[in-house]
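Starting from two chains that each stand alone, build the complex the way the hints lay out.
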Amino acid sequence: MPASADELVALLDLEDLDVDLFRGRQPETSLQRVFGGQVAAQALIAGARTVDPAFVTHSLHSYFLLPGDTAVPIIYDVERLRDGRSFATRRVVARQHGRPIYYLTANFQRPEEGFDHQDVMPDVIPPEEGIDLAEIFRARGAVSAAASKEWEREWAALDVRYVGDSRRGLPEDPTRPARVRLWIRVNGEIGDDPLQHLAAFTYASDMTLLGSTLVPHGVNVSSPGMQVASLDHTVWFHRPFRADRWWLYDQESPSASGGRGLAVARGFTQDGTLGATVAQEGLIRHRDRS
Amino acid sequence: MPNVARDLVELLDLEHLDVDLFRGRQADTSRERVYGGQVAAQALIAGVRTVDPGYAAHSLHSYFLLPGDTQVPIVYDVERIRDGRSFATRRVVARQHGRAIYYLTASFQRAEDGFDHQDEMPDVPGPEEGVDMIGLMRSGGAPDADALAREWAALEARHIGTSRHGLPEDPAHPSRARMWIRVGDRLPDDPVVHLAAFTYASDMSLLGASLAAHRTNPTKVQMASLDHTLWFHRPFRADEWWLYDQVSPSASGARGVSLARVFTQDGRLVASAAQEGLIRPRRD
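Top to bottom, those sequences are chains R and B.
With the numbering used here applied, the first sequence closes on residue 324, and no number is skipped along the way.
With the numbering used here applied, the second sequence closes on residue 396, and no number is skipped along the way.
Because the hints were derived from the structure by calculation, they are not lab data.
Beta carbons are placed, not taken as given, at the ideal position from N, Cα and C, and that holds for glycine.
Do not take every clue at face value.
[To be verified] Quick list of the computed label-pair ranges, beta carbon to beta carbon:
{"id": "1", "chain 1": "B", "residue 1": "Gly252", "chain 2": "R", "residue 2": "Arg83", "range": "39 to 49 angstroms"}
{"id": "2", "chain 1": "B", "residue 1": "Arg276", "chain 2": "R", "residue 2": "Asp40", "range": "44 to 54 angstroms"}
{"id": "3", "chain 1": "R", "residue 1": "Ser182", "chain 2": "B", "residue 2": "Arg276", "range": "48 to 58 angstroms"}
{"id": "4", "chain 1": "B", "residue 1": "Asp140", "chain 2": "R", "residue 2": "Glu41", "range": "53 to 63 angstroms"}
{"id": "5", "chain 1": "B", "residue 1": "Arg262", "chain 2": "R", "residue 2": "Glu113", "range": "46 to 56 angstroms"}
{"id": "6", "chain 1": "R", "residue 1": "Asp103", "chain 2": "B", "residue 2": "Asn329", "range": "26 to 36 angstroms"}
{"id": "7", "chain 1": "B", "residue 1": "Arg118", "chain 2": "R", "residue 2": "Arg59", "range": "51 to 61 angstroms"}
{"id": "8", "chain 1": "R", "residue 1": "Asp40", "chain 2": "B", "residue 2": "Glu122", "range": "54 to 64 angstroms"}
{"id": "9", "chain 1": "B", "residue 1": "Gln334", "chain 2": "R", "residue 2": "Val255", "range": "35 to 45 angstroms"}
Pulled out of the complex, with its shape left as it was, chain B reads as follows (with noise of 0.2 angstroms):
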């Protein structure tokens, strides 16, 4: 995985195949199984580029079908499903040895104004206060806190707590948690940069708030993100401060759902996430 963010902008930057195909790298990893962000954020890359520059992406839903597999580079392959006067619109297959692992659609729109309106940021302790999310797996005892740490280095994460601890007490949201992110240095200016880079991070912690709720440890628990979907509603960067406030309304199935809103350190919305994954009780 990227160390340090300019490995990041490179995991990002994919290789040109032909028209509307291209190849993602992978990084160095000793995970099992490529991460979902790193596929999320590329796929994202390879619609963009498909796509007339004057269309910003405002939404993506995607799906992940099959583990992949780090060993090998990925295969975008873009399908233009429209080229609208205001919306276009992708579909991106994410390939591995001949077999989709993942489906992604994107839709982009030319830049209009319109109606404005936002949730409240809620009230939280800034960055500073939260705790580095390494040392508190250190301090739980998680016995590859190493090597997350080094899986994770080019991201900064500040837990600022769950709903089981550390939260104001809200009965009606029993799964909650909230953090802040960003990456560790500067990117480039270029704002599919920051996008993708916020992508890729987004699928890090948010299967985790349906487990909030639950008094049980992560290793005892299979998790796999089934989907992903993520809406743009302003511009900003991602190598500065966001909160992450993320709320399961549900868990049943063996499935949590988790919804999160996007607040830059100002208060601004700038993204609205959610996934609902795989939350199995080993039975081992």
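For reference, chain R alone in the conformation it holds in the complex (with noise of 0.2 angstroms):
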């Protein structure tokens, strides 16, 4: 996994091979599948190269198929669905082994005003205050030094640190039991392309979202037993913002049912702009309770 900015920088660059047709490398990583934000971000760039630069991204809604094989490149083939006036859509399948792993279809448009409204950020504790998700890894005991010194080398590129959650730090608020918060920014600067910003975002938008799934049930991702997996991802993107400045992610879980559970989260900047809200269902399955 990128160890940097500029290694993350790089992941996002996909090389072209054909007209709608591009090549995403892979990161050097320990992990056993494709991170799925890596996949959401490179077939985001691959969509995006194929649209005029005048249209924004601001939607993308995707599903994982298959889990993806960190050893071989994925091939992005996009699919032009609509070039319109104001708006314009792709589809872009993942494939590896000749078989699609993944597809998303992101919707792009031509700026233009409007309404405006958004919700408020919540009252949190400033980033600084927040403690790095390297600690609590590392503090959740069950892992040896070995495995905690990986986990941070594989997350390098993103800087997290935890608010709170529904069952520590949060304000109590017992009609909404599963919510998680945190700070996040890439590590490093990115540069000024705006769509390189939003590609971070998605990148690092998949990380810790079903974490918040769990919250009620006194388990992690990583606890003995877990099976979990994203199902879909979606993102919408509302306003301009820097991934490599701090946003706050505020994850909330509605429901969980059925093995799945489903977080709902809220991007906001350190000035309290809404950047963008995100959505995913994941398998979250425990071998001894199905």
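And the structure:
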């Protein structure tokens, strides 16, 4: 996985194979399956490369089909679904070994003005007062020092600070039993291209979301016996923002049932601008509970 | 548009043309474009028809591409994306005049047990205390209230309130709308019919929630659904009241995003919905 902002930028720079056909490289990793956020971000870049630069991404919807193989590159094949006056739509198939592993559809819009409102950012501690996620990982105890080092290496491109969850650290709200708030940023500058920031945010947006679905159940994604996998991933981009500046990831899981958990998150910049909304359903299985 | 539940059931009953190819009829309507909820529901049914009945739909994601023509049927073409041990995935293209008007992807799962939690239902007045939606439009002076009443006759919708009027104040969420909805008469017991009928109804009011924060006359706004997403959490009946708790976290750039939670009257969270739509102030 990219160990720095520069390596993340390199990961998001696809190789052009032919018209509407791209190849994404693999980072060095000890993960057994390709990280979903990487596939989503690379697929978004592939789609954006085929759209008139005057159009800006405002949403993506995607399904994960098969685990990605970390040992071979991923092919991104773009289908042009629509090129309208105001909107453009692309579908991207991510392929490995001749099989689709992931489908993404993204929508692009020529910027225009209109109604404006947004949710108000919750009152939270600043990022400096949050706990580094690596420390939390270490404190989980069950993992060895070597595993902890490895985890830190894998996620070194991101800076993540834990604010609190519904069991600890957040104001009580019994009507919403599964919440986790984090501050996140890319760990270093990634340039000024707005697309780079959307893609880097997309990369990071898949890292912690399903964790929020487990909060009421006293387990986490790395607990023994847990099988966790993203099923879908959705992002709505509301306003431009920089992924290399802190954003509050306010995650909430309205529901878990049938081996699945749904999480919805809002991404606020530090000055309170709502930059994006994210939704993800995932498989959350425990060996002993099913 | 279907004016009794029986018409709605018929509308959702597709004609089988060939393997993985279906045709959906059109309802009698004065609308200029096909209602998005109809296309979503018909496309979902098309997908379901190609999946082993041991699997139940748990999510759908879709994009609206072109306005649908109410004068010709819609063809639904299903692509089998995956048939796994636990999950199956289908992509459905809705076509008219040789052009794709709508794409839906749906995921299906073989039933299993696991972790269980849900948000609590907000404290709201019962459906009996809500205001009939059509009555509300009529009293608001909507010139097309009678036509709307006919179009939406298969559904009952009772307005509870919006963030500007009727709901407890919550400055953190400036754009909210809550209503009770159900299909007006009894539907058959097939769970797929209930998922599809709910899907049909789920597109009616969602985008409106993104205008709740704005003092505007809806006739002065060009509105169109851009995408539509549902997650089905637990089985429920679409012909019994459900609370549609809609919040729009954001509007910007002539688009609004709305999220909704769906609770049955006994407080079970049975589905979540999300939609982004075009909300463009008309220039005339």
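Unsatisfied constraints (hint numbers, rising): Violated: hints 5 and 6.
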